[in-house]
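Q: Fit chain to chain and form the complex, with the hints in mind.
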Amino acid sequence: MLSKLLRAKTPNVIRSARGGPDNTRSIAKNRLNAALSRDRYDLLGPVRSGRRDSLERDLYAAISSHLEVDSEFHELEIRRLNDSFYLVASVRIQAMLPWAPAG
Amino acid sequence: MSEIRLGGKGKTTGNPSVCSERDSRITTAAIPPSKTIVVTSGKGGVGKTTTTANIGAGLALRGHRVVVMDTDIGLRNLDVVMGLENRIVYDLVDAIEGRCKLNQAMIRDRHQQELYLIPAAQTRDKNCINPEQLTDLCRRLEEDFDYIIIDCPAGIEQGFRNAIGPAQEAIVVTTPEVSAIRDADRVIGLLEAAELQHPRLIINRIRPGMVKRGDMLDKDDIVELLAVDVLGLVPADDRLITATNQGVPVIHDRKAPSGQAFARIAARIDGDDVPLMDLEPKSNLMNRVRYLMGINRSEYTHA
Ligand SMILES: Nc1ncnc2c1ncn2[C@@H]1O[C@H](COP(=O)(O)OP(=O)(O)OP(=O)(O)O)[C@@H](O)[C@H]1O
Ligand SMILES: [Mg+2]
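Chains as they are written, first to last, in numbering that gives the first Met the number 0: chain A, 0 to 102; chain B, 0 to 302.
Keep in mind the hints are simulated off the structure, nothing from the lab. Keep in mind that a hint or two might mislead.
Derived lysine to any residue pairs resembling SDA-like cross-links, with alpha carbons at most 20 angstroms apart [what the hints assert, rightly or not]:
| hint | chain 1 | residue 1 | chain 2 | residue 2 |
| --- | --- | --- | --- | --- |
| 1 | B | Lys218 | A | Asn22 |
| 2 | B | Lys42 | A | Asn32 |
| 3 | B | Lys218 | A | Ser25 |
| 4 | B | Lys218 | B | Val229 |
| 5 | B | Lys42 | A | Asp38 |
| 6 | B | Lys218 | B | Asp277 |
| 7 | B | Lys211 | A | Asn22 |
| 8 | B | Lys42 | A | Ser36 |
| 9 | B | Lys100 | B | Asp143 |
| 10 | B | Lys211 | B | Glu279 |
| 11 | B | Lys211 | A | Ala27 |
| 12 | B | Lys42 | A | Arg30 |
| 13 | B | Lys254 | B | Met276 |
Chain A is nowhere near these chain B residues, computed Cβ spacing over 12 angstroms in every case [to be verified]:
| hint | residue |
| --- | --- |
| 14 | Gly44 |
| 15 | Tyr89 |
| 16 | Arg107 |
| 17 | Gln112 |
| 18 | Arg123 |
| 19 | Cys127 |
| 20 | Arg138 |
| 21 | Glu142 |
| 22 | Asp145 |
| 23 | Asp271 |
| 24 | Glu279 |
This structure is a prediction, so every number in the text was calculated from the model and none was measured. From the three backbone atoms N, C-alpha and C, an ideal C-beta is built for every residue, glycine too.
Chain B with its partners taken away, still in its complex shape (with noise of 0.2 angstroms):
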């Protein structure tokens, strides 16, 4: 199987500028939902743990019974983003290597009951599992559960193949820079490679005033370069930083313009018709000088 992406939605649809939702509630109607959803970017520090975090505390909070799985090794991350640092015994590779139960790894949230982690290993390294032995570990899971989202670590080497493996679906996670959309692409053309066919997209940290001023790739600039379909759009947002600071996902926060935007992303990765909306800067002439002081808490009206 080729990696060359050669316009994975052009084939389909032809018009890049269509959104997609109407497409993907066809595809759920037909086959039933994916449960083990990839959360990859390429390129570090897009957002991908956050990401994890909040989808997953979005399809609890939807009544849905959810893991949220963090498969970088060496590197864990996930638990602090979720506050639950302090609880942890076991990890995934004990899990694997049979060290503990399946059920001894898994870390109840402490916001949601049907939520649970499962940690990373923090002192081994990425080469020490492999995907089939993720693949088995989540087909278990998917018996009891409605969603596993995983969190993939960086790069594209063993870590990457490792969290793509069990996966059904793949969101892939950029911002709106030159660095993270060319490596996205190129995630793209191996999650194609792998069979993980459409992935879908969210742009993170997109600064709506920027856009507007012409001074930061929008949707469409990214949607025409890359050819797949958009599932959300989410702003940077001071909120999440101080959401993240107290170990809680930013979806908890009724205010936070991200939150907002990680609750309908989760709703549309559930099958429902949320349609895309246009993030726009605050226009109202205090929050510009607000904006301007840098003592406004974020630049945006919705997500």
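Only chain A is shown next, with the shape it has when bound in the complex (with noise of 0.2 angstroms):
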């Protein structure tokens, strides 16, 4: 799953560069998808409630009940693929607490 997405980022400005197809319309396809995510990415956020914040603010808050985390989040996008759109998140490991088994 996840390596589909990265695979579906990489923008063809590298893969020309390997030898793939090189035009300006996948450039523009690239860049645009980029900029759709990002934006509609913003528009899940601060403008209209702070949902982007208390998004992260959420996420962490259950993330650093299981691991050690660092506080700000490496990425927190959106990203589609085809017609769906992805939560990706990643965040930097401190340190591993020691591992409870569950119950």
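A: Right, dumping it as structure tokens:
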């Protein structure tokens, strides 16, 4: 799943450097893909209700009860693959807490 | 209601490359056809006014009673595109503020009996009317007319809110360029937030030769990015410019590929099942030579 997303994200500029399709159409498409996800994600956030901040806060709270992580997300964005949108979050783990089995 | 777009079309069909003609026919059969349609874009200069004039003319050619309304207050243009600029006495704001009767602000088209223009005021600004006033006015027009086509100003401010207020349906015009598509995405989000679901897209100023060379986004790219249904594809066309120079909507020029494209769009709005045609560059050698020398009139075979 994640590898699929990452592949979808590889800009064509890079691919064309490796001998892939080299035309301005695919460059435009990749730039748009990035710009639209960014725009859509930005709209989630501060303008209306601070939802972006609260999403970040809630995710951090949930994760940090299991793992010791940076307080800032390395990435937190909405990406698009075909017709679906995915929330992609990554955060650096500082130290593993001792693992406690459930129950 | 949130403005964020979470995959408009993807939710319903799951395949952006499937053409939507059949879906829209089913919709038209189930509920009464929309009468008031706004033509909008976000970005300026992509062809909203041209589209409004030609859709209006196209629907009138099909025998409907049509009003086209310019809501670009302060920057009116629909009048000159239709060649009616010398006939303006009263305008939209006069009608809304009661300085004239509604029918006094309606100018009959030069070519068609059943097509009327309501021009924008030129010396006022977008804040002098509000969406409720425009909605009232359109509801009155809907009693006498089959279609009211609203030409929306560029931008997403007051003028945009006014123009979308009365609409039951929205058409978004874009060109195959990064900035226009990005703005279209923003506008589609705002339309959906305003309960104007399933706006349909017109891609204007397509250059099939560039698409073929891989130097222009094509229909499928744009559909994939925006996740909306396509209403029509309009080529960049020199004949459109010469028609506009004369104040005649290009749909009256039978040889113009863009005019043919607008006729097909009008038919689709009217519920006809007209398949989308991909624009093909003319491939014959003489035309290529002419094109390279810059003396051809259009680069396309059909629209
Ligand atoms: N398919 C086309 N081929 C060639 N020229 C076109 C085409 N469509 C529009 N134009 C030209 O592009 C210009 C802008 O078109 P138009 O005024 O319809 O855009 P608009 O979106 O209404 O602009 P604004 O945002 O300023 O209101 C005009 O000069 C028009 O003649
Ligand atoms: Mg205009």
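Q: Give a verdict on every hint.
A: Here is how each hint holds up against the structure:
no.	hint	verdict
1	B:Lys218 - A:Asn22	16 angstroms, holds
2	B:Lys42 - A:Asn32	18 angstroms, holds
3	B:Lys218 - A:Ser25	13 angstroms, holds
4	B:Lys218 - B:Val229	8 angstroms, holds
5	B:Lys42 - A:Asp38	15 angstroms, holds
6	B:Lys218 - B:Asp277	8 angstroms, holds
7	B:Lys211 - A:Asn22	11 angstroms, holds
8	B:Lys42 - A:Ser36	19 angstroms, holds
9	B:Lys100 - B:Asp143	15 angstroms, holds
10	B:Lys211 - B:Glu279	8 angstroms, holds
11	B:Lys211 - A:Ala27	15 angstroms, holds
12	B:Lys42 - A:Arg30	18 angstroms, holds
13	B:Lys254 - B:Met276	17 angstroms, holds
14	Gly44	18 angstroms, holds
15	Tyr89	39 angstroms, holds
16	Arg107	43 angstroms, holds
17	Gln112	44 angstroms, holds
18	Arg123	29 angstroms, holds
19	Cys127	27 angstroms, holds
20	Arg138	30 angstroms, holds
21	Glu142	37 angstroms, holds
22	Asp145	35 angstroms, holds
23	Asp271	27 angstroms, holds
24	Glu279	17 angstroms, holds
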